[in-house]
Amino acid sequence: MAVAAAPATELARVKAVVGRQTALRRLALLAPALFIVFLFGVCPLFIILIYSFLESGAYGGVDWVFSTDAYVSFLFTRDMFDPSVMSFNSSNLEIFWRSFLLALFATAASLLIGFPTAYFMATRPRSTRTLWLFLITLPFWTNLLVRTFAMMLLIRDEGFINDGLIWFGVIDRPIVMLYTDFAVALGLLYSFLPFMILPLYASLEKIDFRLVEAGFDLYANRAKVLRRIIIPLAKPGIIAGSILVFIPALGAYITPTLLGGGRDLMIGNLIALQFGGSRNWPFGSALALILMSVVLVFLMIYARVSSERNVQHG
Amino acid sequence: MEKQIAVEARGATKIFGTGEETVRALDDVSVAIRENQFFTLLGPSGCGKTTLLRLIAGFELPSAGDILLEGQSVTHLPPYKRLVNTVFQSYALFPHMTVAENIAFGLEMRGLGKAETAKRVEEMLALVRLGKLGGRRPAQLSGGQQQRVALARALANRPKVLLLDEPLSALDLKLRKEMQIELKRIQLETGITFVFVTHDQEEALTMSDRIAVMNFGKILQIGSPTAIYEHPTSRFVADFIGETNLVEVGAAAPANGHVRLRFAAGNEVEVALPEGVAPGGRATVALRPERISLTRDAARMLTGRIDNIVYFGTDTSFYLTLDDGKPLLVRVQNREGARRSYEVGEQVGIAFRPDAVQLLRD
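Here the protein sequences come in this chain order: A and B.
Everything in the first sequence is counted per our numbering, starting at -19 for the first residue and increasing by one.
Everything in the second sequence is counted per our numbering, starting at 5 for the first residue and increasing by one.
According to the in silico footprint, chain A covers these stretches of chain B (three or more CB under 8 Å from chain A):
no.: 1; segment: 88 to 95
no.: 2; segment: 101 to 115
Here's a subset of chain B near chain A, in silico, CB distances under 8 Å, partners left out:
no.: 3; residue: ALA61
no.: 4; residue: PHE63
no.: 5; residue: TYR84
no.: 6; residue: PHE98
Computed from the model, here is a short list of chain A residues facing chain B with C-beta under 10 Å:
no.: 7; residue: GLU193
no.: 8; residue: ASN201
no.: 9; residue: VAL205
no.: 10; residue: PRO212
I should point out that these hints are in silico values taken from the structure, not numbers from a laboratory.
Just so you know, even glycine gets a beta-carbon here, dropped at the ideal spot from N, CA and C.
Only chain A is shown next, with the shape it has when bound in the complex (with noise of 0.2 Å):
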């Protein structure tokens, strides 16, 4: 017996040896993204953790001591005369819920358009996919900036569109369509639309599509093979193309600032006008942090639902 132990406690030190090299090796390969995640990202969110808790400075920039002004100013005005009355201010909220609707659209216009898509990529001959993807991915290729420039070519009131209908006859005056929330929602569509298109993709042609055949078969219709069968199927590509596009859209900056023409902001333009115009860097902090809490909060709620929904069903 004692023979027979000796080896396996052996093998054992061996085993815990070789686990630490392979975890050492592992870290390594880790560590210069970790590096760069820290440096860059846990860093500036401490930062901007400690500005959003002082006061502004007259010329921009910070004056070291420490005020809850950002955060009661997200939703209160200081009277002009007298400091110490507060009243109820709701336009930062107003510009959040409107970033919140125009992302919500941004999220369930690009599903209504990416899923047909994406399903008609992934029911392609294996040989021509390859070819769809470039074409989708095919946007990446050029700056988001000159795309919505070009974007705003097509839909200024001289645009090609106005002029377009204008000489088929089919309006007589241009219908304002730059610097509107519409403008805004699609260009926030167009921006994101293979964020979304790209995790169906992946999810839908991981289907077996024996199991359509299978519901088919079940006397399950077109409709109900889509709704029963398909769409459970391709819920991680759903929900991960959701969040890639509904976050970003979000705190878009560059869209709503070009299309929106500035006069209704989203979230992206109020924190930049804090920390360019306004020299309220503390505001801008606090703001930025809200919508933090705001994104994590809705991710949080994610989480909870799919685990419970896994537990479930075991």
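Start from chain A and add chain B according to the hints.
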């Protein structure tokens, strides 16, 4: 009592591809399958058996011909409007549903009430002996259990016809044998017509009431397992089902539905002329290895030399080369007292009764 026709194909043809690269997967196939039967489509891969099954299920539209269910044409009905269910080769269980949800799916789609559905699911789980596994996901089951779920899911709908597309091919040998018996039991218990596709001739012989042997998109022979095995009408069927010896013989002109065949050793045998056979001087006959024996007597049909002797326990196989150079297999049961020692290299005669001779069409 005459049994009704459950499913019928009339001149069913399926051509895949376009232009010059067309494949005639199914070529003018007509077959009528009676109610309550275990009917097997048997053939090598690419013979069209799965295509015929898919035409019956409604997954493919025939290029020509008709598919009838209980006398009604269903050729243009989508699969979800046919009272036919399929057990897929890959099982195709819905991975996002539990076993019970899988089985309930078809019932739910047809609008059966909750209570009735639950009852039916219970019944099916009991029928396929998976009583307590209703809450599991397909991924948590073994291959054999998944197979049973697929069967239960299809049978829950009480279809007119159950189509089974090589359902046992993914199972290991022991499980396959078990499931063969299970399937047969379930077919007898439910009384549902089974159309079973397989390339395994042993599976077909043990389970079926009737077998259709297919090759190159055509049905070559339809009959009971015994008829198919003992009276194959074509070279392909004789060769595909079990082990067989194909021997060239001389044939006299047929008379009164009989024909005299002359074997190499000089002896003649008169056999009934099967339908569609018109021997012209030469003919091919099939001889099952277990229906022929070795002899040292002068009364022999063929002569050959023993190349190899293989002992199998229950029987012994003798591999011979005939005088005309063709190989021949003789299988002799090892019975007490019946053993006669033959040596490798020995010249022996081959004897058999006239009813062992099966005259082939080609």
